[in-house]
Amino acid sequence: MFANPPLDCLRAAVVLYVLGFAYALLATLLGREHNRPVFFGLIIAGFAAQSAGLYLRGVQTHYFPVTNTFELLQALTWVTVFLQLILRATLGLRLLGLFASGLAAVLSLASLLLPGADLPPMVVAGGDGNPWIGFHVALALFSYGVFGLLAVTALMYLLQRHGLEQKRFGGIFRLLPSLAELDALNRQLLLIGVWALTFAVAIGVLDWFRQPGGVSAVKLTVVAAVWAGYLMVGWLRARHRLVAGAYAWACLLLFAFAMFSLWPVSQSLPSPAPVGSFPKTLTHS
Amino acid sequence: MPAPDLFLLGSTHRTAPLAVRERLAVPAARLDNVYDLLRGPGGLGLAECLVLNTCNRVELYGVTDDIASLRAQLIERLSRFHLLDPAELDRFSLWKEHEAVVTHVFDVAAGLDSQMVGETEIFGQIKDSYSDAARRGASGPVLNRIFQKSFQAAKWARTHTAIGRGAVSVGSVAAELATRIFGDPAQSHLLLLGAGEVGQSALQALRSRGAQAVTVASRTLAHAQELAGPHEGAAVELARVPALLATADIVLCALTVETPLLTREQLATAAHARAGRPLFVIDLAVPRNVAPDAAGLDNVYLYNLDDLAAIANENLSARLAAVELARTTLAEKARLVWAALSGR
Chain A
1 MFANPPLDCL RAAVVLYVLG FAYALLATLL GREHNRPVFF GLIIAGFAAQ
51 SAGLYLRGVQ THYFPVTNTF ELLQALTWVT VFLQLILRAT LGLRLLGLFA
101 SGLAAVLSLA SLLLPGADLP PMVVAGGDGN PWIGFHVALA LFSYGVFGLL
151 AVTALMYLLQ RHGLEQKRFG GIFRLLPSLA ELDALNRQLL LIGVWALTFA
201 VAIGVLDWFR QPGGVSAVKL TVVAAVWAGY LMVGWLRARH RLVAGAYAWA
251 CLLLFAFAMF SLWPVSQSLP SPAPVGSFPK TLTHS
Chain B
1 MPAPDLFLLG STHRTAPLAV RERLAVPAAR LDNVYDLLRG PGGLGLAECL
51 VLNTCNRVEL YGVTDDIASL RAQLIERLSR FHLLDPAELD RFSLWKEHEA
101 VVTHVFDVAA GLDSQMVGET EIFGQIKDSY SDAARRGASG PVLNRIFQKS
151 FQAAKWARTH TAIGRGAVSV GSVAAELATR IFGDPAQSHL LLLGAGEVGQ
201 SALQALRSRG AQAVTVASRT LAHAQELAGP HEGAAVELAR VPALLATADI
251 VLCALTVETP LLTREQLATA AHARAGRPLF VIDLAVPRNV APDAAGLDNV
301 YLYNLDDLAA IANENLSARL AAVELARTTL AEKARLVWAA LSGR
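Protein chains in written order, with the numbering used here: chain A, 1 to 285; chain B, 1 to 344.
Bear in mind the hints are in silico, worked out from the structure with no lab data behind them.
Careful: at least some of the hints might be erroneous.
[Said to hold, decoys possible] Sample of chain A residues facing chain B (criterion: CB under 7 Å; computed from the structure):
| # | residue |
| --- | --- |
| 1 | Ala180 |
| 2 | Glu181 |
| 3 | Ala244 |
[Said to hold, decoys possible] Calculated Cβ distances over 10 Å to all of chain B for the following chain A residues:
| # | residue |
| --- | --- |
| 4 | Phe39 |
| 5 | Ala110 |
| 6 | Ala246 |
All of these numbers come straight from a predicted model, not from anything done at the bench.
For glycine and all other residues, C-beta sits at the position ideal for the given N, C-alpha and C.
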């Protein structure tokens, strides 16, 4: 019945995320507060299924499961959901769960629907067990998850701003957090994401010096562009040159660029190794 | 079990003008006298009773052994107590019995019978009145059950209908908008220009939400100090206002002017100096204090009296639309409570 347990778990997670998002969205559009136990029950069940799926995938393939676009999007979804559950518990921001679950639904659905996303696992020759590479991958994923959540809160900021400018009072505008809360959170998320990605890039660069040719030029360029983009936005924000709506738009568009950049990054990875070979590590960032 | 002889004699904003309600109001110092009148030695000997006294209603709830003759006796006693003509008291009163009393209590607790439909203050007032009656030993099993069920009914109405949603006064709309922009108004700095009544009302609404730092500007310093005093705020002359825009988060404009006081350029300069913090300008004056072309400035949220009134009216319409649903459901809940009390 369950021919591929890891994939089945990941598919179940997608269904639960989509159901959770659809339920909360419908309630909000109808002008009602969604039932929190129901909503978070669906999201947490999806998170549990996804955690199981990623773990089983890793056991099945002997790799940290970020070896292709499908796995990258799944892992990114996992980080985003994890972060939003923490933020929801600590900050209690209204509607953050709704919007973050929307991002989780979109990313995880994309992982299933993008043609060729779930290619056979990639292998990089010369796996020498460098533990820093695993740390580099985890940091990079974490930073992208933070940027994903930043895109969500930036979207919420823009919606609230739109409602205030258009003098809309009811519906979702009544439920959104204040501009001040969202702006403060946006700044904090950008800071966290930039620091995490900076460390990840630094580790990747050091490994590249150690092993030139282990990372493709396409990937280096794309990742550097994403990192530089967020760094620039952070600097401009700190100097009060990029504020309010413009800052929120920048965060949203940068994340869209980061997402689109996942495709050329995964396309630039080497061809799969024969079945039975056992690489120790992957050089991803 | 026979149905209890439950009654209500009251006077509300629906049955009596303010002048009459003022005479019927029961000050705290005379509440003991009213309870004595209802059930004390020499009183009417009611088995249970409760007095609800607010600015919009005075209502006496009770359970008696002889409801047939009670109304006349009650009117006669109360008219002597309030020094009113019995016929006048009777004319401005409402009288209900049995299940209708339960329905009325539910409606009142939910704010359906209030002047401002859906207001929540009445819920606290009913709870206080019930606590007081219980403390006196005046309420009993019938009133205890009815009022406790009314609290549940009120909570249901607030949770499941729109009767309490949205602000319905200009001041509370302004306060809600400030909350949408700044989150906690306690952290915001208010700048009030002028002494208009609507401006004072908006300021009061913001202060009630926690706003503390207030600066008042007027044509003369003395007048500004007079206005700022009750709010423990600072006072400045109008000439200083442009410089203060960079630090004020909420600007309430209520000056009487012939031409706008605040220009687009002044607000644009202030917005730039605020380093990304939004500026909320509420122009409550007619003629307007803020130049109309200031609308659309980035990070400046400009609302005039028409905008606030439109939002308040929209919210009120939504509340009124929800009233029928709430009334129907609460009537059914009241019917079930009455059936249980009557042993059916």
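>> If I take the minimum Cβ distance from Ala110(A) to any residue of chain B, is it greater than 10 Å?
In response: 33 Å, holds
> Does Ala246(A) really sit off the interface, with its C-beta more than 10 Å from all C-beta atoms of chain B?
Replying inline: 8 Å, violated
> Do the numbers back the hint for Ala180(A), that is, is its least Cβ distance to chain B under 7 Å?
Replying inline: At 5 Å from the nearest chain B Cβ, Ala180(A) passes the 7 Å test, so the hint holds.
> Does the interface hint hold: is Glu181(A) within less than 7 Å of chain B, judged Cβ to Cβ?
Replying inline: Holds, because the Cβ-Cβ distance from Glu181(A) to chain B comes to roughly 5 Å (cut-off 7 Å).
>> Ala244(A) was flagged as interface toward chain B. Is the shortest Cβ-Cβ separation under 7 Å?
In response: 5 Å, holds
>> Checking a non-interface call: every C-beta of chain B should be farther than 10 Å from the C-beta of Phe39(A). Is that right?
In response: 17 Å, holds
When the structure is compared with the earlier hints, a violation turns up for hint 6 alone.
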